[in-house]
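K.L.:
Chain residues, written in single-letter form:
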Amino acid sequence: MRIRSFFWVLAAGITLSGCVEKEIIDDVNIEMGVGYDFVEDDKIEGTVMIPIFNPDKKIGNFTYSATAASSRDLIQEVQRKSAQPLVTGSLEIALFGEGIAKKGIREFTDAFERDASIGARVYFAVADESAKSILSGTYGNRGNAVHLSQLIKHNMETRNLPITNMHLYLFDLYQEGKDPYLPILKKVEPEIIDIVGIALFKDDKLKSELPPDKMFFFKLLTDKFSEGAYKLDVGKEKVVIKDLDSKHKIKLTKRDPYNITVEIKIKGLIREYTGHIVTPEIIKKIEKEFEEQVNKEASAMIKDFQEQGIDPVGFGQFIKSKTRGFDFKRWEDEYKNLTVNVKTDMIITEVGIVE
Amino acid sequence: MRQLFKKKLMQDIEKEAARQDTEGQKPEQYLNEHEWEKALLKSHDFKRTFYVNQKTEKKFCFSFISTLVDESILQNNALPYLLEGELTEIVDVKSLIPIADVQVSDHNEDIETKLFNGYVLLTLEGEEKYFAFIAAQKEVVRNVAQPEVEFSVIGPKESFVESLDHNLNMIRKRVPVKELIIENYTVGSLSKSGVAILYIDGITNKDNVNTVVQRVKDIEFDEITDSSYIVQLISDNQNSPFPQLLDTERPDRIAAILAEGKVAILVDGSPHALIGPTTLVEFFGSFEDYFLNYLLSSFFRLVRLFAVAFSILITPIYVAALSYHYELIPKDLLSTLITSRREIPLPPILEALFLELTIELLREAGARLPTKVGQTIGIVGGIVIGTASVEAGLTSNVLLIIVALAALASFTTPVYRMGNTIRLLRFPFLFFAELWGMLGIVVSFSFLLAHLLKLTSLGRPFLEPLYPPRITDFKDAIIRLPFTMQYNRPQYLRTENPVRFSEKKAKQKKDIDE
Amino acid sequence: MQQPVPERLQVSPFLVLYLIMSMQIGIGVLGYQRIIAKDAGYDAWISVLAAGLSIHIIIWMIYKICGTVEGDIVAANAYVFGKKIGNVISSVFIFYLLIFALAVLRTFIEVIQVWMFPEISTFWYSLVFLLLSVYIVFGGFRTVTGIAFFCIVLPSYLLLTFGFALKYAEYRNLLPIFDHSLKEFATSAYNMSLTYIGFEIPLFFYPFIKDAPKSQKWAHLGVFLTTIIYTVLAIITFTYFSEAQLAKSIWATLEMWKIVSMPFVERFEYIGIANWNLIILPNICIALWGGSMILKRAYKLRQKKGVILLALICLVAVSFFDTRAKINLLNDWTAKIGFAVTYVYIPILFIATLIAKKVKNKNEN
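Protein chains in written order, with the UniProt record's numbering: chain A, 1 to 355; chain B, 1 to 514; chain C, 1 to 365.
The hints are simulated quantities; they were obtained by calculation from the structure and are not laboratory data. Built from N, CA and C at the ideal position, the CB exists for glycine as well. Heads up, a few of these hints could be off.
[Stated by the list, open to error] Cross-link-like lysine to aspartate or glutamate pairs, in silico, DMTMM-like; alpha carbons within 20 Å at most:
hint, chain 1, residue 1, chain 2, residue 2
1, B, 331, A, 204
2, C, 167, A, 327
3, A, 22, C, 119
4, A, 224, C, 170
5, C, 167, A, 107
6, A, 57, B, 332
7, C, 38, A, 107
8, C, 38, A, 223
9, A, 247, C, 243
10, A, 58, B, 343
11, A, 58, B, 101
12, A, 322, C, 243
13, A, 322, C, 179
14, C, 167, A, 223
15, A, 22, B, 260
16, C, 248, A, 23
17, B, 331, A, 203
18, A, 329, C, 7
19, C, 248, A, 107
20, B, 331, A, 223
21, C, 167, A, 26
22, A, 202, C, 119
23, A, 322, C, 170
24, A, 153, B, 343
25, B, 331, A, 27
26, C, 248, A, 110
27, C, 248, A, 203
28, A, 249, C, 179
[Claimed, not checked] Residues from chain A that keep clear of chain B, each with C-beta distances beyond 10 Å, as calculated:
hint, residue
29, 15
30, 54
31, 90
32, 92
33, 106
34, 143
35, 330
36, 343
[As the list claims (entries may be wrong)] Only part of the chain A face toward chain C is listed, based on derived beta-carbon distances under 7 Å:
hint, residue
37, 14
38, 16
39, 114
40, 116
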């Protein structure tokens, strides 16, 4: 009897005071996209995008914007405007306006890092012009957040965009001898968003931008395994090559000064060819041409990085892994004098179903 | 010859009487003064008729309970012979009438029991000490029907009936060996139910048998009407929602488990026999599994186990995910869930409870009503109430699907008792899911796990072969391996003879095309 | 020498594997990577391996001690120091087990508070959890072992989920190997204490093992498996995080779940943390069982009362640790006491037992 009454007290106690705050899915505003822009007077405009689930299964969007001096105040401002509590757990994409990115985004990424409810697969991107304008458009019928994240995802998996997400950004940011990079999004038409290049960071600050036609070579250097497509001129003819599987290997060939060889292996197939017939000779020629192109472009790109003092490929980290007692203080100068050779090996495996 | 027999019989009876005397009984006490008779005379079905033998003109008297006695036996097989034969003393009855079970006795205290077992008491004028019992039981037994709860498409179609003798007959036929022991006990101060405990001598562990016997003997209850009473009265832990003895209505299953080395308990008047010791996984094996190829039956067992997990967990997971863990839900599903819930005023827990209770009501109503009406209720309830409540905005259609699936899954459990338990288990899980989301589900799962770990069936661990882990017993647990690999009896039964049949050691390995 | 335990209460020797693993794997594993990398950097996985190997010596000593005295820690202390002093020393172990249980429970609640439910009440959750533990311990050692078994087997699938992090692995992080001094390696190995302790439990349940000396190989195997799990997990973590990033991650193991994506589950860490409930359950149960057992053996307190007493102390004490700093302090102290018990006290007891045995043998002769 005593035990039974004890259990009643227990059950009552747990129900009354053991409860935790609920986040019932239709009683919260699920923040799926967020963007930060610089407005005048050193103020920041934050935009939060939530999906609206209509009865006809179409997903609309709604954005809240607020202006404040710091990102902390922004959250307060937006929460105040929201009718239901704003929850961050399902965040898909965070956009940083170019102005913000140039000043450094650590302040914002720190909040994402600290918040246990935010996943590591959130996409970060730099917004050409303004993040607000991108978030407040309407793209596709699955909601803006899903649209944007799938846009980035598909371009990373099969096209020329190097793989990035919140985890990789933070990994690169904190990794000594490596600098992060993010895709740049732009609203090209009212209903279309395009990836217009890669933003290269020094620490957390935007340093320079890479145009879309260089993205293919950039991806070859940064990603462990990559896929992509590239259009090449061989003589008069044009050929589109689909890169199926490529790997790169970095080798330290000499120290003092450091000399590095990057070996790139590409397996590809021909997607389009404007010439009449693809003969083995032509394939050989295309391969050779392509190898040269890659060598040239990649070397030039690396040179450019060295001049700007950024290291998105992670040569510093690479040399550190080969050297005991590596000193990063000296690396700053050594990086400028680093010699990098790019060697490419290209194999065309298939030419499609016609010759 | 007849004289000799009579003499021997008389000697036996006297000897017995002498034994009774020394124990302080009073055989000379006159019948009519007995208390049972006074009490019985109040009932209208107690009959006493007097006749006179035509040859010796001795008066004799039949006393019996007419509702328990088949009077045609008396009329055809007893009365003509007793009237026309030479009936001088009570032992003559044995030789006169062509009925096998005729007993001459002087035990007054037996009379009551015998009368209630359908015997006719024969008393003879002048014989004050001795009297005879003539067996003339009225057998009111329904025909052997098809098993309903454990129906199988393939395999025997016999099921137990309400008569212990019939049931034992069905088992004996299947295990015709002298090692099959049937012990009989009477339980219940009012019902006097016969309880038979069956086991195979030389296979079954004596500890298990003794445990059962001891517990059956210790039962203190007045009216035992079914084996379900016995289950609840002899279970190891009577506060557990889990049945700790398997019940079956199939005589073939009893034969099979006897061969495995388990103990069976049959109760007079109950068409369900009990099996012990048993394990949790056994409740999810249908007997039909043994009639199918082992691949099929293993697959079905896995499906059933999955169904159980699904049935218990899915509604709590729904409640937990929608109340606390929106992050868990994939983006595509999120829109479906939110759209389906946008009009619903109730929080997920009430919505879930509402539907779960509706399903329980439907089940109860279906179970209480006659079969045909029950089916209608099922359809009306399932379709009409379900659709209507979604349209009225009381519940979301996603949850309706989930709850219906969970209910369906709970009905796949082959043992009815276990199915009920599983439906009950959902509610504590729901409570904790509402309280602490996923964490609550794991907490309630821990409680369940701890409870199952502590459970025993006749002192044997209930979770075996999962814990204590015994790999060899997995051959007939979650999956079923082919019969050729079932050469040992389950370990947890601790059988006296663990070998079912000798494993063929020298299996010839053939090459291709040999 | 103590009264032998009846066979129906004993468990099979191979279950020692699960007992030891379940006691070792608790809350330390959620964030040990950062602590060990503080000193030895990304070479720390070597320290994990080395520390794990050193445990085998202690296990060997434990079995030698228990084998010599044919009993548990209380018997060993009584054997060496005499009944009175022995019992006093044994009581220290009650305190050790208590603080162990407390640290595990409180840290897990902290994880829940940080990752899932910031508002969850420490008191009510502890109450439910301790009730569950008491309920289990009331079932006796066999039930406790059963829980240890299931709580290793059921959540073992979690190991696979760390495979998702492999996709992002940067193996170059681990290079160059041996880039740290011996002292740094040693500090890092010492910092593994909290994560590794728990392997000393054969001292408490030795008499409850059927054919106890045979269980030694299982104890070694258990420790070995834990070592492998910790080492592999450390390596995966080191390849997944960059060094400065890891230095900021309090619960690196949990953070790796943030990358997991499955078609039906967007975010795995909530499921993982909920599952962790199962992993810490045997920690508390074994600690409560062991503590109450010593109370019974040394002070003749009925074990039922002992368990409730210890659980109540836990319940009261757990509310005092309300900030990150205090919890950290609790964990530090648990680690220190654990280290003292396993690496200092057990070798001393081992040598003392050997001497005591010699002396006693001489006296008999």
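K.L.:
Take the hints in turn and mark each one as holding or not.
P.N.:
Hint check:
| no. | hint | result |
| --- | --- | --- |
| 1 | B:331 <-> A:204 | 30 Å, violated |
| 2 | C:167 <-> A:327 | 29 Å, violated |
| 3 | A:22 <-> C:119 | 10 Å, holds |
| 4 | A:224 <-> C:170 | 9 Å, holds |
| 5 | C:167 <-> A:107 | 28 Å, violated |
| 6 | A:57 <-> B:332 | 11 Å, holds |
| 7 | C:38 <-> A:107 | 25 Å, violated |
| 8 | C:38 <-> A:223 | 29 Å, violated |
| 9 | A:247 <-> C:243 | 25 Å, violated |
| 10 | A:58 <-> B:343 | 16 Å, holds |
| 11 | A:58 <-> B:101 | 84 Å, violated |
| 12 | A:322 <-> C:243 | 16 Å, holds |
| 13 | A:322 <-> C:179 | 11 Å, holds |
| 14 | C:167 <-> A:223 | 12 Å, holds |
| 15 | A:22 <-> B:260 | 52 Å, violated |
| 16 | C:248 <-> A:23 | 28 Å, violated |
| 17 | B:331 <-> A:203 | 32 Å, violated |
| 18 | A:329 <-> C:7 | 68 Å, violated |
| 19 | C:248 <-> A:107 | 15 Å, holds |
| 20 | B:331 <-> A:223 | 27 Å, violated |
| 21 | C:167 <-> A:26 | 34 Å, violated |
| 22 | A:202 <-> C:119 | 39 Å, violated |
| 23 | A:322 <-> C:170 | 14 Å, holds |
| 24 | A:153 <-> B:343 | 33 Å, violated |
| 25 | B:331 <-> A:27 | 17 Å, holds |
| 26 | C:248 <-> A:110 | 11 Å, holds |
| 27 | C:248 <-> A:203 | 17 Å, holds |
| 28 | A:249 <-> C:179 | 23 Å, violated |
| 29 | 15 | 7 Å, violated |
| 30 | 54 | 7 Å, violated |
| 31 | 90 | 6 Å, violated |
| 32 | 92 | 7 Å, violated |
| 33 | 106 | 25 Å, holds |
| 34 | 143 | 7 Å, violated |
| 35 | 330 | 45 Å, holds |
| 36 | 343 | 42 Å, holds |
| 37 | 14 | 6 Å, holds |
| 38 | 16 | 9 Å, violated |
| 39 | 114 | 9 Å, violated |
| 40 | 116 | 5 Å, holds |
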